[in-house]
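Peer 1: Next come the chains, spelled out residue by residue.
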Amino acid sequence: MHISEGILSGQVLSAGAVIAVAGTGIGLKKIDYDKIVHVAILASAFFVASLIHINIGPASVHLILNGILGLLLGFAAIPAILTALLLQSIFFQFGGLTALGVNVVIMAVPAVLVHYLFLPLLGKSSKLNFTAGFLAGFFSILFSSLLLGVALWFTDKNFFETSLAIIMTYIPVMIIEGVITGFCVTFLLKVYPEIIPKKL
Amino acid sequence: MKTLRIKQISVLFIIILTLIPAGFVHAHKVIIFAWVEDGMIFSESHFGSKREAKNCSIRVLNGKGLLVHKGKTDEQGKYSFKIPENIDSGLVLHLDAGTGHKAHWKISENELRNNPSNDDIKTAMETKAKLEENPSLYKIVTGVGIIFLLAMVLKFIKKRRKKSD
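Chains as they are written, first to last, in my numbering: chain A, 1 to 200; chain B, 1 to 165.
By construction, these hints were calculated from the structure, which means they are not laboratory data. Do not take every clue at face value.
Subject to a maximum C-alpha distance of 25 angstroms in a straight line, what follows is the list of computed DMTMM-like cross-link-like pairs (lysine to aspartate or glutamate) [stated by the list, open to error]:
1. A/29 - B/165
2. B/106 - B/165
3. B/130 - B/44
4. B/64 - A/5
5. B/72 - A/5
6. B/78 - A/5
7. B/162 - A/5
8. B/130 - A/5
9. B/70 - A/161
10. B/155 - A/194
11. B/163 - A/32
12. B/102 - A/5
13. B/155 - A/34
14. B/158 - A/34
15. B/162 - A/34
16. A/35 - B/165
17. B/54 - A/5
18. A/35 - A/194
19. B/54 - A/194
20. B/158 - A/32
21. B/139 - A/5
22. B/128 - A/161
23. B/130 - B/109
24. B/155 - A/32
25. B/162 - A/32
26. B/70 - A/5
27. B/155 - B/165
28. B/102 - A/161
29. B/158 - A/194
30. B/130 - B/120
31. B/72 - A/34
32. B/159 - A/5
33. B/163 - A/34
34. B/159 - A/194
35. B/159 - A/161
36. B/139 - B/119
37. B/106 - A/5
Modelling step: build the complete structure from the supplied sequences, incorporating the hints.
Peer 2: Below, the structure written as structure tokens:
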């Protein structure tokens with residue numbers, strides 16, 4: 001899911017950087033003082049998840065976990081994802097510093113979207129908690145795949161084929177992330193229900 | 001009691017996230033490695049050090065950035081071709097492994113014209129080994145540590161702002 005350096009045009013990289021900086025500013029402002037530790041824990045999960053690999057056909061994909069970050073953190077997921085991606089870029093050479101903004105947009109915007117889409121389902125029953133987690137995990141990867149397709153479209157000019165190839169590659173990841181996010185959310189809400197953000 | 005539970009969950013999460021994956025993780029970045037031998041350029045491409053980059057396109061550019069050759073990796077992630085004629089600069093092999101994954105390897109003009117010396121081979125092998133290096137537990141723990149350090153800084157800033165308000 002990380003776009004490497006040297007692929008996208010300067011305009012796309014700049015647009016990504018501007019959106020990422022603006023989103024990070026909003027996210028930092030919205031982080032509640034008492035929830036900062038939650039943000040750090042989930043950012044750590046995101047940082048490490050990229051090292052867990054799934055080999056699909058000719059491609060090599062990894063877990064992302066932007067769904068659980070988005071669902072539980074909302075806008076605060078943006079600075080969390082920015083920090084984790086920056087560290088992944090420095091320590092593991094995933095993506096690259098110039099593509100950081102675009103990568104943040106690709107992974108953080110869907111995270112915020114799933115927060116607003118599926119948060120209302122949380123905290124009602126165990127089944128609904130799992131469903132909300134599954135949908136957040138599934139759709140965050142689907143939306144990220146689409147955004148990745150849009151970013152690459154500026155290079156390939158072949159949006160439909162590029163996006164289709166990306167979505168096909170990531171379908172198993174959508175399902176796996178959905179299941180993992182579902183179980184994580186159900187577990188967290190059982191042992192620590194305070195982690196649910198305030199309702200919209 | 002509540003603080004204790006938060007601490008317990010935090011510690012549990014950190015231990016799981018840092019120690020368990022460390023046993024089976026490998027680098028995700030795509031890598032291309034190329035060398036010259038008997039008038040041919042040989043290349044090997046893979047994700048990290050584990051999985052071959054199959055059927056991925058390779059474009060070869062000269063010093064001016066012009067395309068001089070192109071091809072595709074085989075099932076083992078390998079691709080070889082004859083050194084193109086009339087080359088007056090070094091070459092760069094660009095690997096496109098799809099979904100935004102790219103890598104490149106530079107071959108100097110000197111390497112193209114002469115057989116590589118032992119020093120050249122040693123340097124190339126060191127570069128290859130460095131690229132293939134898997135993320136260490138040390139890097140993972142440091143990364144998580146930095147995240148928590150930044151969180152503490154943010155907490156400190158927010159606390160000061162609260163007080164001044």
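Peer 1: Please list, smallest to largest, the hint numbers that this structure does not respect.
Peer 2: 2, 7, 19, 22, 31, 32, 35 and 36
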